[in-house]
Every structure is written in C-alpha cells, then in structure tokens.
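2 protein chains.
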Amino acid sequence: MSPRLPVRLALLGCGTVGADVVRLLQSHADDLAARVGAPLELVGIAVRNPAAERDPAVEPALLTTDAAGLVARADVDIVVELIGGIEPARGLLLSALGRGVSVVTANKALLAQDGVTLYEAAAGSGADLYFEASVAGAIPLLRPMRESLAGDRIDRVLGIVNGTCNYVLSRMDATGADFDEALKEATALGYAEADPTADIDGGDAAAKAAILASIAFHTRVTGADVYREGIAEVTAAEISGAQAMGCVVKLLAIAERDVDGLGREGVSVRVHPAMIPHSHPLAGVRDAFNAVFIEAAAAGPLMFYGRGAGGAPTASAVLGDLVVAARNRVSGARGPGESAYADLPLRPIGQSVTSYYVSLDVADKAGVLATVAQVFAAHDVSIRTVRQEGHSDDATLVLVTHTATNAALAATVEDLRGLDTVRAVASVLRVEGG
Amino acid sequence: MSPRLPVRLALLGCGTVGADVVRLLQSHADDLAARVGAPLELVGIAVRNPAAERDPAVEPALLTTDAAGLVARADVDIVVELIGGIEPARGLLLSALGRGVSVVTANKALLAQDGVTLYEAAAGSGADLYFEASVAGAIPLLRPMRESLAGDRIDRVLGIVNGTCNYVLSRMDATGADFDEALKEATALGYAEADPTADIDGGDAAAKAAILASIAFHTRVTGADVYREGIAEVTAAEISGAQAMGCVVKLLAIAERDVDGLGREGVSVRVHPAMIPHSHPLAGVRDAFNAVFIEAAAAGPLMFYGRGAGGAPTASAVLGDLVVAARNRVSGARGPGESAYADLPLRPIGQSVTSYYVSLDVADKAGVLATVAQVFAAHDVSIRTVRQEGHSDDATLVLVTHTATNAALAATVEDLRGLDTVRAVASVLRVEGG
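Residue numbers (my numbering), protein chains in the order written: chain R, 1 to 434; chain Z, 1 to 434.
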C-alpha cells in the first residue's frame, strides 16, 4: 500500500463515543494524516437508525444499518467497534480479524468474556487488535503495560476503575453520608446510571479486572473468574472507622501474581471495597476519576490517573489506537500480539492473602479480648493492632490483622460469631496498599 | 531477517543502569524472546575499564574500550546508549542511526540539547530512536504521549521531574525545616548528589522540560530555551504561607501551548517553584517520586506517577524500548518517527501567564492596601484575594492575583519596591494547577 493512499475505516456504532470519534477525525484530519503517513478515510458507519439527527453532521451516504455488510467490504482496512456487548460485536470482529482487517474496540464486556478468542484470531491473520478504551477510558494504560513494561515483570495491579463507585465512596468520605444518600446524589449529578446495578455490585470493575489481569500476566482471565463484592454494604461507620485509621475506603480491582508454598506461580483476581492508607497514591483519587497502580519488579510502583468514562476521553483512547493501527497498515507492520502464553493458574478467593479490619460489638467484660484473640490464633491469623472503643454494654473492639488467607479469616469470623461475648461482627473489610 | 535469528545488541556504558539492563537481559531472556519473537543477544559492551569487577558477571570477551568500533560492527542491530553527556555519545548515535541501526538511549542531556538532529538522522535512515528513560525514569510517559495521545491534542504538561528537589521540598513541607537543613538531610540519605547544583538550580528539570515540550508540541525546544528558577531561594515562610492557602510548593517543569492576541499558537516552557492546591493530583507526589500531569483536549487531565531515577527503574524503561525496537527489527517495521513539524514559536518568559502569590512587609497604616492595590491595577494585574497578618510595624500583606503575564507582574513588583509603605517584597511565587 502506498503511503499516499488513505487508510479506510469502518465505524460500528455512532453514539456518544462514536460521535466524538467522528468529530476528532474531522477536526484533526491534517494532524492525524501527518502522524499516520496517510489520510484516514471513513468509508461507512453502521448505525441502528440512519434517520437520527447527528452532531457532528455525517454524510448520509456513509450510514448503513448493515454492519455485517460494512465489515465485509473489501476496501476496509480497520474496523472501529463501538457497539458494545457480546453479539453482534463478537461475530463482526471475528469476521474482520479472520480476514486480516485490524480492529480497534472499546468493548469491555467482549474483551472480558472472550478476549483470548479475539487475540487468537488477530494472531492467526496478522491483524492488529487494540482495546485501550475498554479499561479506564482516556488513561493510556494497556499500551504502557504491553509495551513500556515489556522488559519488566508486573507483580500486582490495584485499580480504581469504576467512576460511579469512586464518586459514591468519595462523597461518603467527604460528607459522612450513608450509601443510599451518596448514591442518590451521584444519580442526580449524572455520575450514576438510572440502573446502577452493574457499577455498584462490582460487575463492571470485575470485567476490567479480567482485562487488566490478562494483559499483566499473559493468562486467560474472564469476568466470571473474578471474585467480587460491591459497595452497597459499605457503611458510614466503616468509612469513619477507616478515617480513624488514616485510611480511605475504595472499590479496588486487584490482580496479583504470587507463588504458593510449593513454588508454583498463580494469579489472584478480585474486586471488593478495601481500606487504603492516605499515604498511598490511590487514596487521593477522588470523585469519578479512575487510576491504576502497578507494582513492577524493576520499575517499582507506577500509577496512571485520568478520566475513566465520557465521550471525548474514550474517543481520545480510540483515536490513539487508531493512529497506531493505521500507521502499521501504512508501513506493512503489525503491533505486539497479545496471548495467554504464560497460562498461570487462577487462585480461588480462599487463597487470596491480605490484611483485614474486623470490628466487633462486644460486652466490655474482663477476658473478652483474650477470648477473641484465641479465636484468631486458632486460625493462625496474627493480630497487628487492637483498639477498644466505648465501655460496658456498648463496647466495640477494632482489630487489624497481619496478612492472612481469605479462608482463614472467614473461618475466624465464623467462630467469632459463635462466641457468647461477641454480640455481632459489625464489619470485615480488607486493608490493601500497605 | 528470519524470526529465529537473534536481535544483536551493542551496549555503550555499563554503570548502575547498564548493569541492571544486563541483569534483566539475563534473567528475563525467555520472556523477552517470547515478546520480541527472537532472542536478544548482547554482542558487545563498551566500557572505560574492562578490568573492573561487575555484578552481574559479564563474559570478558564482550567488553571493549572501543565504543566506535563496536557501533561500527556490521552485525549490530540495536545500540543501547547509557554513557550520557554530549560527546562521544552524540557522534556514536549519529553514526549508528545514519547506518539504519536503531538506538535506545537514556541520554537526557543529549536529547535536550540536540534531539531534533537525532530525530532527523533516524527519519533519514528509517531507524528507530527511543528514549523513554531520559525523562522520569521508570514512568511510561513518552510512549503514551507519542502513541496513546496521537489522536488528541496536548495543551499543557506539568511535571515533577527532579527527585532531589521534590525530596527537599517535601521535607520542608513536612517538618518546617529551611532549605539548607532539608538539603543536608537529602544528601545524608542519598537523595542528593555530593554536588547537587544541577538539580537544585533547575537545570536537570529544564532538560526534561525541553524533551517533554518537543514531544508534546512537535517543536524544537532545547534545554537552553527553557526559563528556569531553582529551589534554593524557597523559604520556610513560603512553605508555611502555601500551607495556609491549602497549597504545597513543588518545583514544576511546565510546557504550555497557548494562542496569543492575534490568534497565533505558541509554546511556553519553564521550570520554577510554584504553589499548587492540595486538591491537585501533583500535590500528593512526595519525596523522591516523579509525576507528570498532562491536560489533553479530548482525554482531559491525565497523570503518570513513579520513580524518576535509580538503576532498576531506569533499566525497566530501557528494556521496554528495547523490546519494541527489537520487535520492529524482527517484523521489518519501524516505530513512529518524531519530528518538529509543528514548529511553534517559543514565547519569552515575559509572555508566560499564571497567577502569583505576593507577600509584602508593610507598615500597618491606613491607606496601605489602597496604595498597593493601585500599583497592581496600574499594570492590569487583577487581585483575587488579600490577607493581612500582624499589626502595626510588623504587618504582612499576602496577595494572590488572577492570571497575569510575567512581564506585568515583574513591573508591578518593581513599582511595589519603590513604595514608602512597602518595607520589602518578601515573596513572589507562582500559583499553578488552579
């Protein structure tokens, strides 16, 4: 292909992000051509309703309802997929990749469910597959992980990857509001969807955790593999308990590489609320912002921060991928393939290891602490700090453990519930980033 | 080149970073080969003293004192330059690039002084030139700017890029120490060199600002073009003045694109201490850490955080570049070239625009504020807040301005010095990140 010939793009979907992609293609046309080495030409846009009004305006002849027909055109070099969801996106992208047509997609759900099938289709035909916009919106994250850290070893990824949850938890922290109040405010301000279930229950973050873990550890991880707890159970008391400890509560997507007692590597991937100390760089990530903290063996700690959602930020990530894919077309090159070559085993949640904050409602009697401490000791869970608040019938015992497995902590909590002297296990929250 | 043939590397310099590069090449050999598609083979290492003891151990036959001879070998695919400084590095790299040999370098001084000559040599022969390690050590920053944001427009870069200065200012903020005390502590702990001049006076940060501005704005900017003020004049009183305003003092490297009154784009690049509000993501970057905050038109605010120096972090950045350059060799491709195509004019410091914190020692007499306010107004510098501290002969007037040009502020300060009622202009500090 001569550098003078345009690189031809098919756009699938033209909602908020798609419109911003079209806008950037129009307004930055000269600059994009300079960076690619050839102009970018939009040859078709598949939409549900061609009659809908569009901003920016689009030549009507470009619009079609026949996505499959558009993808099958022989003159398409790159497919940009912004439909979302599993089908028809999956079939369309496999058809493009199978014929050597490169793909740029923002499709988190598809990558999280079946990324490896897409990786393999791209590898098979030598096409490029880029999906920076699928995790943490505008933040350049997957490219640095795949390329800049290609000579390093990623040991751990801690991400704040859901803006709705981060907004709700930030408000609870700032105002003392409880979960329902804070969610109501988030909804009123447009930070939460009318039905925020997939955000609040950790499902969205779990899909992103799966994609991050796949890239970090070259291992097949799907959204369904990710253990998750949402934020609906986080109480105002836990938020203030965290503050008393110099911590803040965040919903974290965590992917860790570890080595078991027999020297075998494995991967733990999970999503849950956790306390992190104020000194941790993630603690200052407020409101609807996203950030991903990476620990690499040689580079040390790294953090990437920015907007995780929105039309223009997501379009920026799509355009970045598009420029690279188009430049590869022009030069006849291809980007780094992704694969699950390392194929590390996934640890069940019971084997995941962290510290815990445990708050107990107890009667303030002599010997309560000794009894409680014995239960922790019986499960080999070592206590780092204990603090008692209140007196007589209203006492609260706040314990923070050293690292322990989730299984050991769960067994400890079950036994604590059986004690006469413990009225209730008021909170169990993980402590991360220490 | 068949994918099975090794990619052959020449290493120039084998100090702290070089040793860590050799270590990673040895310990990650299989993983690197998987990512590159071919093994990496070190064919020679140019050093000053081949007899020196080395960790990790290196085959003695690889060592040579003849760097030029090593670079000229016909079997070298990629030169990794870790000598630093201008010559002989410049001549060696131009010789390699001129013959189509790709270059990975950590050489901040050379890139800042003469980056465009290197860009042009690489473009002329089709070789790759990567230099991620030259700014902000381990932090993947230049690749995201060049590739992930290739479809966006960078408007502003604010960086904490000198670990020594950030450590000193962090200690002053945390302990109330003055500059000399904090520097002494930094030296004792190894965060400052025996001769810290190039760090303290902003020279190191200016070189990095030049590289960042070149990449962000596709414009030739050298270290000598960068206006700079160091941190030696920052007082404990300014640190506590910043705290009283909810701010922290940081040494910032700033590169901004702006549009003048006639609609002409230009670039302002400068390094100086500045107050930034605690709510700004850069405010939490403490001790020897680095971070770069980028404002892009579509992506919005982004921040990249990590270690800015040290053998292993820098080696991680070098290896990331090396993997990409080697993969390009294997596939016959090349990376994105860099150029100064936009060629925007550089604004003199007088035209740079920001807010200012001005602290005046005044006599607490009726009419002082009116007189002072008149001077600001005469130069069209608008006042945002005024606070008076103390009484009678010891009063201090603290003013924060709206944005104004550096020239207008300088003229204002000169006139303030001429007032009878103003005993001294105690502080003038820029306020950024608002």
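Check the hints yourself; a few may be wrong.
Claimed, not checked - Chain Z is faced by these chain R residues, among others (derived, beta-carbon under 8 Å): (1) E147; (2) A407; (3) V413.
What the hints assert, rightly or not - Chain R regions said to be covered by chain Z (calculated; three or more residues, Cβ under 8 Å): (4) 137-145; (5) 150-162; (6) 353-367.
Hint data in this document are derived by calculation from the structure and do not stem from the laboratory. Here a beta-carbon is modelled for each residue, glycine too, at the ideal position from N, C-alpha and C.
Tell me whether the statement that chain Z covers the segment 137-145 of chain R is true, taking a Cβ distance below 8 Å and needing three residues at minimum. Per the Cβ count (5), the hint holds.
Using a Cβ cutoff of 8 Å, are there at least 3 residues of the segment 353-367 of chain R near chain Z, or does the coverage claim fail? Violated, because only 0 residues of the segment 353-367 of chain R bring their Cβ atoms closer than 8 Å to Cβ atoms of chain Z.
Please verify the coverage claim for the segment 150-162 of chain R: does it have three or more residues whose C-beta sits within 8 Å of some C-beta in chain Z? holds (count 4)
Hint check, V413/R versus chain Z [nearest Cβ-Cβ separation less than 8 Å]: violated, 34 Å
Minimum beta-carbon distance criterion (8 Å), A407/R to chain Z: With Cβ-Cβ at 31 Å, over 8 Å, it is violated.
Should the hint that E147/R touches chain Z count as held when the rule is a Cβ pair under 8 Å? holds, 6 Å
Of the numbered hints given earlier, the model fails hints 2, 3, 6; all others are met.
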